[in-house]
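There are 2 protein chains.
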Amino acid sequence: MESNFGGIVESKSKRIEESVAGNGLLHRRVFLTQAGSIFGVGTMGMLGSETTNAQNMQGRPAWMQSPGKGVGAYGTRARFEDHVQRTAGSAPGTTGAGASRTPLQHLEGIITPNSLHFERHHSGIPEIDPNEHRFLIHGLVDRPLIFDMDMLSRYPMISKIHFIECSGNSRVSGLIDEPVDQDCGVLHGLVSCSEWTGIPLSILLDEAGVDPSARWILAEGSDSAAMSRSVPMAKAMDDAIIAIYQNGERLRPDNGYPMRLFLPGFEGNTSVKWLRRIKVTAEPTMTKDETSKYTDLLDDGTSLMFTYPMAVKSVITSPSPGLDLNGAGIYEISGIAWSGGGHISKVEVSADGGLTWGEAALSEPVLDRSLTRFRMAWRWNGAPAVIMSRAIDNTGAIQPTRDSIIAEKGMKFAYHYNGIQSWAIDAEGRAVNTYV
Amino acid sequence: MESNFGGIVESKSKRIEESVAGNGLLHRRVFLTQAGSIFGVGTMGMLGSETTNAQNMQGRPAWMQSPGKGVGAYGTRARFEDHVQRTAGSAPGTTGAGASRTPLQHLEGIITPNSLHFERHHSGIPEIDPNEHRFLIHGLVDRPLIFDMDMLSRYPMISKIHFIECSGNSRVSGLIDEPVDQDCGVLHGLVSCSEWTGIPLSILLDEAGVDPSARWILAEGSDSAAMSRSVPMAKAMDDAIIAIYQNGERLRPDNGYPMRLFLPGFEGNTSVKWLRRIKVTAEPTMTKDETSKYTDLLDDGTSLMFTYPMAVKSVITSPSPGLDLNGAGIYEISGIAWSGGGHISKVEVSADGGLTWGEAALSEPVLDRSLTRFRMAWRWNGAPAVIMSRAIDNTGAIQPTRDSIIAEKGMKFAYHYNGIQSWAIDAEGRAVNTYV
Chain A
1 MESNFGGIVE
11 SKSKRIEESV
21 AGNGLLHRRV
31 FLTQAGSIFG
41 VGTMGMLGSE
51 TTNAQNMQGR
61 PAWMQSPGKG
71 VGAYGTRARF
81 EDHVQRTAGS
91 APGTTGAGAS
101 RTPLQHLEGI
111 ITPNSLHFER
121 HHSGIPEIDP
131 NEHRFLIHGL
141 VDRPLIFDMD
151 MLSRYPMISK
161 IHFIECSGNS
171 RVSGLIDEPV
181 DQDCGVLHGL
191 VSCSEWTGIP
201 LSILLDEAGV
211 DPSARWILAE
221 GSDSAAMSRS
231 VPMAKAMDDA
241 IIAIYQNGER
251 LRPDNGYPMR
261 LFLPGFEGNT
271 SVKWLRRIKV
281 TAEPTMTKDE
291 TSKYTDLLDD
301 GTSLMFTYPM
311 AVKSVITSPS
321 PGLDLNGAGI
331 YEISGIAWSG
341 GGHISKVEVS
351 ADGGLTWGEA
361 ALSEPVLDRS
371 LTRFRMAWRW
381 NGAPAVIMSR
391 AIDNTGAIQP
401 TRDSIIAEKG
411 MKFAYHYNGI
421 QSWAIDAEGR
431 AVNTYV
Chain B
1001 MESNFGGIVE
1011 SKSKRIEESV
1021 AGNGLLHRRV
1031 FLTQAGSIFG
1041 VGTMGMLGSE
1051 TTNAQNMQGR
1061 PAWMQSPGKG
1071 VGAYGTRARF
1081 EDHVQRTAGS
1091 APGTTGAGAS
1101 RTPLQHLEGI
1111 ITPNSLHFER
1121 HHSGIPEIDP
1131 NEHRFLIHGL
1141 VDRPLIFDMD
1151 MLSRYPMISK
1161 IHFIECSGNS
1171 RVSGLIDEPV
1181 DQDCGVLHGL
1191 VSCSEWTGIP
1201 LSILLDEAGV
1211 DPSARWILAE
1221 GSDSAAMSRS
1231 VPMAKAMDDA
1241 IIAIYQNGER
1251 LRPDNGYPMR
1261 LFLPGFEGNT
1271 SVKWLRRIKV
1281 TAEPTMTKDE
1291 TSKYTDLLDD
1301 GTSLMFTYPM
1311 AVKSVITSPS
1321 PGLDLNGAGI
1331 YEISGIAWSG
1341 GGHISKVEVS
1351 ADGGLTWGEA
1361 ALSEPVLDRS
1371 LTRFRMAWRW
1381 NGAPAVIMSR
1391 AIDNTGAIQP
1401 TRDSIIAEKG
1411 MKFAYHYNGI
1421 QSWAIDAEGR
1431 AVNTYV
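Just so you know, the protein sequences line up as chains A and B, in that order. Each residue of the first sequence is one higher than the one before, starting from 1 at the first, in this note's numbering. Each residue of the second sequence is one higher than the one before, starting from 1001 at the first, in this note's numbering.
Be aware that a few hints might be false.
Claimed, not checked - Quick list of simulated restraints, FRET-style, between CB atoms: (1) B/1414 to A/426: 56 to 66 Å; (2) A/89 to B/1414: 49 to 59 Å; (3) A/234 to B/1178: 53 to 63 Å.
Simulated from the structure, these hints should not be mistaken for lab results. If you're wondering where the values come from, they're calculated on a predicted model, not measured in any experiment. Ideal Cβ positions, reconstructed from N, Cα and C, are used throughout, including at glycine.
Start from the sequences, fold in the hints, and give me the full structure.
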């Protein structure tokens, strides 16, 4: 271990003094509202008072000894962060069908970097030349229209920060008989959040002239699966976007380059990627992608269909499996919450398996159908504990327990699972998925 | 040219019908408030009514003929977007001193992707091993403290979307005798915007115990230039952040990996990258970086010093040099506005060189010391025109004209230029930097 500050012997201890003045274990804003030192002295290494400033700076690390690399055209991340990756899985026997999941436990804030946005492809990523791509609006319209990318770029755009979640997200975290021992990203990483910029679909539909008999649209992708979904006209006219930019730059190929439909709050696959056409229809088209998949099979053999909005949900990203606690002391509990029904109004956190709950702090901005970051201070006493979070949105919807979901819907359905996630922390500080 | 929709002959015309019902040339929300078709029929290619849906889909592009590429661990952008790059420039005779500028004209929304965030290095990018990096707080404190990255990660964090702007930004757009013929990114691309996550500096300073005599801090980087700046204690205690994450992932090396100071609204170089120490002091340290640079030389030979906040500013990113208009018709004017003094309250746009102004629409969210996207519809009649934008923030500060800045400060200063940017559009639709 190289010392950056010559002559100083650093404490290697990661222990934090327990000096919280509050009574409880959970503190919503303890760090910001209580006066004076929270963590106390000796946090990392407290320097003796005889240590002079000059002494502190005698030793300089290797990277200060010579000039570093110059500027570049398109930056890359540090090699020390290469382990932060999406967890990829493909369907057996296929090359392009599969999903990759955002490593939620390694991220902070609400924006997901484009390189780590989750993926779900039904037949791989088509490599589309934007100069040759065309987008068709047809069906029950007065004037069928074809657009190219140059033409689309002249239409008025809007920008919105929204999450998108695959409706199959979190199934493995709750709908298996025994808790699956995986990390937060594998269990819940089919959700990501970006700033999306594009053209309101309503403007283009108005341009084409929608027939009064039209109640639905069909959206079809330009992948080799021609993945297609039916969407109610009300949604298409309300807040649907033809997205062209994601987090400032053009969409990535794995998110629909050069254009995708984006339906705020709806299950992810309805935001059809590589969008090539929208057909205006009277009834839903009943495509393979909404009959063989994306319906929720109930215990009585019937299925829920067209269950578009993603329900209110949250998960603690830290601590979580793989991010072990290092001895008793104070930690920040950090997590994300979201709802397809609106914005998050409250997140509650429990550190005793749900017996008592405290209200977490929400990081601004708290936006409509966006990830919202919540945080709470926790003084861990070193004993086994179960931590969990529960989100509530502005419609009053409350994230349910696993038990209540199974009582209502059984365990045969594969989509729209939004149960409370519990992490069991053992005496060594290791976190694992648990059913409570 | 391959046709995606078999049997349909596409119009190659980029012309948009001029069918706006309004009286003026500029329309703040024309597309959203006026009923009926805006652009009119025949936009790209209007399909004949005899064209059946089946016919439309007979031809399928090459990329639909076989499965595409599978999922990946860390995504990349489309090869068709490789031309979107930072414009790099290094100081003569150096390897690592220089800057690269964000290609603002190719981006949309407010978030800058990390790979395209502007850079400014005084001696290159150090390659810092986060496991060996240490951060020291010393000087006029009760308890000098050293932190490593693991320890810092246990402190409470906050996330904020903020712009950062080099104080030398835009100098070449207004403080040269003749207008420089460059694109928007080269002229104004030393500004970017991200979600920053980190620890409030006030918490760490409280931990160390600040002496009542302390009025300033010195922040020093771990680059080989040991770039260092003095910052008033009031700012350090107000909203300074020790940033660790940028747009969800860890900071990039070119933005201070593994940690930087972040001072919302202050000139960029004070947000010291690769932060290795903060020394608490009674007076400013008068480092080389704030005496030889980052002071504003006036005509009378005196200099303005410690001029931290970046002033209210805006620029139209589209149309702009390189993004040529293609014939008379309707276009969306899109741009960014920001202020180190607060949030943007209004952006006005002129298409007649400043004779008349209209109010642009601001895209939500409009955040404190963040980029704000503004948009306005413009019907170009094909004659030469001068377009410009003027931002106003919530303190009432108004972006000034070039003339008024030069009358007040002369032309010797190199920092904090925030004059109105005018783009002259010629009859061929080409946009160039102009002084009006």
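Cross-check of the supplied hints:
A C-beta distance of roughly 59 Å is found between residue 1414 of chain B and residue 426 of chain A, which places it inside the suggested range of 56 to 66 Å. A beta carbon spacing of about 53 Å between residue 89 of chain A and residue 1414 of chain B agrees with the range 49 to 59 Å that was offered as a hint. Taken as a hint, the range 53 to 63 Å holds for the pair residue 234 of chain A and residue 1178 of chain B, whose Cβ atoms sit roughly 56 Å apart.
The earlier numbered hints are all upheld by this structure, with none contradicted.
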